[in-house]
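Number of protein chains: 2
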Amino acid sequence: MSKEITNRSEDYSQWYTDIVKKAGLADHSAVRGCMVIKPHGFGIWEMMKDQLDSMFKETGHVNAYFPLFIPKSFLSREAEHVEGFAKECAVVTHHRLMNAPNGGGVVVDPDSKLEEELIVRPTSETIIWNTYKDWINSYRDLPLLINQWANVVRWEMRTRLFLRTAEFLWQEGHTAHATKQEAIDETLLILNLYAKFAEEYMVMPVIKGVKTANERFAGAVDTYTIEALMQDSRALQAGTSHFLGQNFAKAFNVMFLDENQKQEYVWATSWGVSTRLMGGLIMTHSDDDGLIIPPRLAPTQVVIVPIPKPDPAIDEVAEKVMKALNEKGISVKYDTDRKKRPGFKFAEYEMRGIPVRLGIGRRDIENGQVEVARRDTKEKSSQPIEGIADHIQNLLEEIQNNLFQKALKFRDERITSVDNFDDFKEVLDTKGGFISAHWDGTTETEVKIKELTKATIRCIPIDNKLEDGKCILTGKPSNQRVLFARAY
Amino acid sequence: MSKEITNRSEDYSQWYTDIVKKAGLADHSAVRGCMVIKPHGFGIWEMMKDQLDSMFKETGHVNAYFPLFIPKSFLSREAEHVEGFAKECAVVTHHRLMNAPNGGGVVVDPDSKLEEELIVRPTSETIIWNTYKDWINSYRDLPLLINQWANVVRWEMRTRLFLRTAEFLWQEGHTAHATKQEAIDETLLILNLYAKFAEEYMVMPVIKGVKTANERFAGAVDTYTIEALMQDSRALQAGTSHFLGQNFAKAFNVMFLDENQKQEYVWATSWGVSTRLMGGLIMTHSDDDGLIIPPRLAPTQVVIVPIPKPDPAIDEVAEKVMKALNEKGISVKYDTDRKKRPGFKFAEYEMRGIPVRLGIGRRDIENGQVEVARRDTKEKSSQPIEGIADHIQNLLEEIQNNLFQKALKFRDERITSVDNFDDFKEVLDTKGGFISAHWDGTTETEVKIKELTKATIRCIPIDNKLEDGKCILTGKPSNQRVLFARAY
Chain A
155 MSKEITNRSE DYSQWYTDIV KKAGLADHSA VRGCMVIKPH GFGIWEMMKD QLDSMFKETG
215 HVNAYFPLFI PKSFLSREAE HVEGFAKECA VVTHHRLMNA PNGGGVVVDP DSKLEEELIV
275 RPTSETIIWN TYKDWINSYR DLPLLINQWA NVVRWEMRTR LFLRTAEFLW QEGHTAHATK
335 QEAIDETLLI LNLYAKFAEE YMVMPVIKGV KTANERFAGA VDTYTIEALM QDSRALQAGT
395 SHFLGQNFAK AFNVMFLDEN QKQEYVWATS WGVSTRLMGG LIMTHSDDDG LIIPPRLAPT
455 QVVIVPIPKP DPAIDEVAEK VMKALNEKGI SVKYDTDRKK RPGFKFAEYE MRGIPVRLGI
515 GRRDIENGQV EVARRDTKEK SSQPIEGIAD HIQNLLEEIQ NNLFQKALKF RDERITSVDN
575 FDDFKEVLDT KGGFISAHWD GTTETEVKIK ELTKATIRCI PIDNKLEDGK CILTGKPSNQ
635 RVLFARAY
Chain B
155 MSKEITNRSE DYSQWYTDIV KKAGLADHSA VRGCMVIKPH GFGIWEMMKD QLDSMFKETG
215 HVNAYFPLFI PKSFLSREAE HVEGFAKECA VVTHHRLMNA PNGGGVVVDP DSKLEEELIV
275 RPTSETIIWN TYKDWINSYR DLPLLINQWA NVVRWEMRTR LFLRTAEFLW QEGHTAHATK
335 QEAIDETLLI LNLYAKFAEE YMVMPVIKGV KTANERFAGA VDTYTIEALM QDSRALQAGT
395 SHFLGQNFAK AFNVMFLDEN QKQEYVWATS WGVSTRLMGG LIMTHSDDDG LIIPPRLAPT
455 QVVIVPIPKP DPAIDEVAEK VMKALNEKGI SVKYDTDRKK RPGFKFAEYE MRGIPVRLGI
515 GRRDIENGQV EVARRDTKEK SSQPIEGIAD HIQNLLEEIQ NNLFQKALKF RDERITSVDN
575 FDDFKEVLDT KGGFISAHWD GTTETEVKIK ELTKATIRCI PIDNKLEDGK CILTGKPSNQ
635 RVLFARAY
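The listed protein sequences derive, respectively, from chains A and B. Position 408, counted from 1, in the first sequence is what our numbering calls 562; the numbers after and before it change by one each time, with no gaps. Position 435, counted from 1, in the second sequence is what our numbering calls 589; the numbers after and before it change by one each time, with no gaps.
Check before you lean on any hint, since a few could be wrong.
Because identical chains share one entry, a pair is satisfied inside a single copy or across any pair of copies.
To be verified - Dumping the calculated DMTMM-like pairs for lysine to aspartate or glutamate here, alpha-carbon to alpha-carbon at most 25 Å:
#1 Lys482 <-> Glu212
#2 Lys463 <-> Asp295
#3 Lys534 <-> Glu413
#4 Lys477 <-> Asp622
Hint data in this document are derived by calculation from the structure and do not stem from the laboratory.
Input sequences plus hints: build the corresponding full structure.
Put into structure tokens, the structure is as follows:
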């Protein structure tokens, strides 16, 4: 089974695609750039979604739903936004098909042309702020803390499953506030929430920072980001939280009467994470035998395989173990399929990344034991059936911690400080990872470095320490290092 | 507050719209026919979704996600399907916008025309069966029991919030089976699941039945339905479950190797319920003062209002009551807003349909009591604080039962048997509701009756008893009664 996956060292990109397809996560569809998320992949996404959703709700946010379509003219309202989002998108121009006059299928009915074209949302700031205009009158209506789970479409020329697809699933938060400070606080609250989710659930270490002007969301005053490092030493932008200032309020004329009876423009934030996180999860932990799912996000945490197949004695032990695990809130599946051999099942669950596998055979039962195999290290051990639930509960926590420590070590070893452009290029080409270097603060230099090396400024870390230095490209003075990397 | 809602007796349609808007459920958007689902409405939809989702999962189904877009040619593959769904739909023809040559916004880039137009899914049988072709090879791959939660678009000329909108949210199950009987069993399993959900959670009584050929889903062999009755005595189709035979397997060439090594076409079902259920929920229970939410679907089951405003003594009692309610799994909100008066809050929660309201004032506390008001009957009573959680738990169950019994009585009083066309028309115009009558079994007669009366055959009830009779229109022989109604 593991033979089916290309080794990372041979072809990293093919390894990734193999895992996505063979672990049953996603597949290409008949529609260019659109993917099918398969049940196992969707199950992991549901775990992520449920956890994020409860974190949003705990911090006072509520869900709502806004239209899939955006009138074309809305995109032009905010000057920078249109530059960023009105380019590659799906445009609905007609609303009817008719039978082809000469038979042979259906054609677009030319009489059904829309007066104004509709864009399939690439992001929803415009339609939402157009709605908020009706919802906000006074300071009593603020803050509005709304999130939506939705599909969005950005027409991409080069797509990769989960990482870059024309249609993807995401959540987008859109909040409205009475003061600038409150909006900034919200932006950072969400940044920290995303970082906590990434590190405690996905066990994917991230660096929190702010984007440069050049990498900002189109229409934002400031874009905050969490940046992770993949196993090929490339960075992945995993989530962004934007302070939008009053840009969208002005574009859609959303004002409120403040406590002093004065009309003011509303302050805004928006923030999102998407199915791209699935790509991050895969590339942070998986190995040449398949997917590795962190226990806290595994739809099935434990699988029990009867050896060689189910029988009444094994069933009885399995039922008992399942009951004990369920009582601790551990999800478990007993594989009673008689058509497949244990070896085949082992390889399949390894491929699919199930954190813990229990093997139960007749002899194990006679010895009062079961075989416990953990997915992350592949270690196997025999454990007494008595107290097995406690053992597995601890083991799941240990796996969760082990995965994080391993990823953290990998990431930390790949943050390199350099002080000149030759070293910069060499580190990029050999070691990769994040490079901490001085930059003169201009978009011109940033763009030039990208042209020369394909490296971008991932972020200016949140709690960056100030130090005097010289820009690696221009030699101009700089007062802090920023993080560069080649990125997805 | 209740003054803002039009009375049902004055203008039923306006009453419905008033509730949807003023209870904070949904609103029209800037995009023709598309609605915005507001936080309170979405909260109720989330409760419905979570409950249905767990019922699907308990019966072995898993979730997945398929593309938003369907290549135009796919719709033509199944002959009847194209007639039903390829007419009014959103057609994507281009994938890029560009700055208008003369300034002033963006225009569609003519160079970005797609080779083949894409249709925004009106339903996903075609794209899913095109995918299943790759997933199904042998009987070992069956059954496939997959559901998806998604948005779909059907271009509607006349729209009504929740009941008929261009874009709506729904779930669509698509299952694949090795045998005809297994597919039929699945169709009925889901029909019963829908009926259970409607009656036990929405407390909306439904009649289970099968549709006539004329009312069948385009591409189905048999369409099963649950039909409810609204307060204006019109019927609402609340959910459908289709036995698709081998129609889609043949259209997309999906075959499997059976246990005898023979290639066979796969058997299929599909089934769905949508945000239309929100319309059913509203029109089954609500009154002239606003929405009434059945307790099992209320995102907030109990609200506590301090009288006249929060203070330390009231806060202490409220905290204690909340803790006791939470321990029983009852959701509760303590309204600490100091800007609004109690009377305003009472009216607002009544409008929004919160099942139980507790009022706590200083004097109540001195008497060791709180005031309990139930939304359904508007009854108020003083109850001892001691044991209040038990009282409310029982009260919520009582409300749930009371709503069902009331709706059941209303519905049962409006099922009328008639034996001739004059009576049929008179009952339709006076009493409305379901009319049980003989029909000669032809589409011709069914269509004629619809033309003459706007009544349609809602269904042939599942456990219909056979009896000889004569068609109310043609007098031709009939062996069973069917249910007619004017419907949404």
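| message | Name the hints, by number, that the structure is in violation of. | response | Of the numbered hints given earlier, those the structure breaks are 3 and 4, listed in rising order.
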